[in-house]
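A.B. asks: Spelled out, the chains give:
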Amino acid sequence: MARVIAALLLRETRVRFGRAQIGYLWAIIEPLAGVLILAFVFQMIGRAPNVGHSLYLFLAIGMLGFSLQRRLAVQLSNAFNANRALLYFPVVQRIDTLIARGILETATSLLSMMIIIAGLMLIEGVPPPAHLDIFATGIAALALLGFGLGTVNAILGIHFSSWSHIEGLISRPLFLMSGVFFTPDMLPSVLTDVLTWNPILHGIEWLRYGYYEGYRPDFISVPYLLGWGLVTTLVGLAGERYLPPGNVS
Amino acid sequence: MIQLIDVSKAYKVGRGRKNILTTATLTFERRNIAVIGQNGAGKSTLLRLIAGAERPDRGRIVTAGRVSWPLGFSGGFNGSTTGVDNTRFISRIYGQDHGSRTGVRARVLRARRLLRHARVDLFLGHARATRLRH
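Chains R and Y supply the protein sequences, listed in that same order. If you read the first sequence in my numbering, its first letter stands for residue 5, the second for the next number, and so on. If you read the second sequence in my numbering, its first letter stands for residue 924, the second for the next number, and so on.
Warning: the hint list may mix true and false statements.
[Said to hold, decoys possible] The following label-pair restraints were derived from C-beta to C-beta distances:
# : chain 1 : residue 1 : chain 2 : residue 2 : range
1 : Y       : R953      : R       : I119      : 54 to 60 Å
2 : Y       : M924      : R       : H163      : 32 to 38 Å
3 : Y       : I956      : R       : I119      : 56 to 62 Å
4 : Y       : L949      : R       : T200      : 57 to 63 Å
5 : R       : M181      : Y       : G982      : 47 to 53 Å
6 : Y       : A957      : R       : I119      : 15 to 21 Å
To be clear, the hints were calculated from the coordinates, so they are not data collected in a lab. Quick caveat: nothing in here was measured; it's all calculated off a predicted structure. Every residue gets a Cβ at the ideal spot worked out from N, C-alpha and C, and that includes glycine.
The task is simple: from the sequences and hints, build the whole structure.
C.D. replies: Put into structure tokens, the structure is as follows:
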């Protein structure tokens, strides 16, 4: 199994990032462009970051945390289709394609995270994460959530052909609701009462809690975020194991 | 020897179900065997079941010896990578890749020699897709 996952990893890296001319760079350009656009808008309306001094860092943490989760959820949902030809090999199991993509996307996101934060440290002189252990576990929790959501997406996708459209509808507003460009304490409590159900918001706040010295949102619930990650992962994997094969198309 | 024991397999086709095998118990002895059937009768499915690329709904399939993945079903190869990359991938998943590019090269050369007997030239390597030419 490890052999197959390693082979899939090498192949995916090559096929996916090899095709575009600048390849791997896209993984960095994408969130970076998001941060720059948001920062531009923020400067236009003259808003200061909610935490810390750097607007770019504030937005980068939100953006990177969100895109880690989102990349996993999207890429895993296409895992079976993209690897359909390879599922002809009996040794290649569907779960291998999920794990290979999970590793690849997490590694890619980590790399872009390190490059962007290191860049901000050099250019803007922002401090490194204050509590690296908390920051790292926050990343792990968001990755677990992304893996779980992606696995569930992949399974639902082979049983309901319109699932990818529905998932797109559900997840579109999530970008606005996940604290990428705000912290919950600046919102009226009517709103936070609703947003507190969004696990991604917990994850992004967790990252900020780990990064900023003295920032301690009483909002975060670690069990809630981990619960989402674990439950979606278990449900997705159980579906993979026990539901009939379904249609890959 | 390949044995199917009480194997059932059905597909969803539109609204209905198509039974490919219904509690079939079969034994294939070790010799050349042809499977003949109409379009959609389940020839490929039978091969995929035997290879283990697909699971039966019910029953067991017992094989003695090694069974290849179903060859020549357009699956397996990825047209957007080179022939050598495809070969390496297969070598890797079957644990036959001993980490060296020369190992793959040797295997490619051997394949080319074999195919030459069948008067087929094999082009692998830096071409975008594997081409076979008579």
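A.B. asks: If a hint holds in the structure, say so; if it doesn't, say that too.
C.D. replies: Tested hints:
The hint said 54 to 60 Å for the Cβ distance between R953/Y and I119/R, and at roughly 57 Å that hint holds. The given range of 32 to 38 Å is respected by M924/Y and H163/R, whose C-beta atoms sit roughly 36 Å from each other. Between I956/Y and I119/R the beta carbon distance is about 57 Å. The supplied range of 56 to 62 Å therefore holds. Separated by about 59 Å at the C-beta atoms, L949/Y and T200/R satisfy the suggested range of 57 to 63 Å.
As the Cβ distance of M181/R to G982/Y is approximately 49 Å, the hint placing it in 47 to 53 Å holds. Here the CB-CB span from A957/Y to I119/R is close to 58 Å, at odds with the stated 15 to 21 Å.
Going down the numbered hints, you'll see the structure goes against just number 6.
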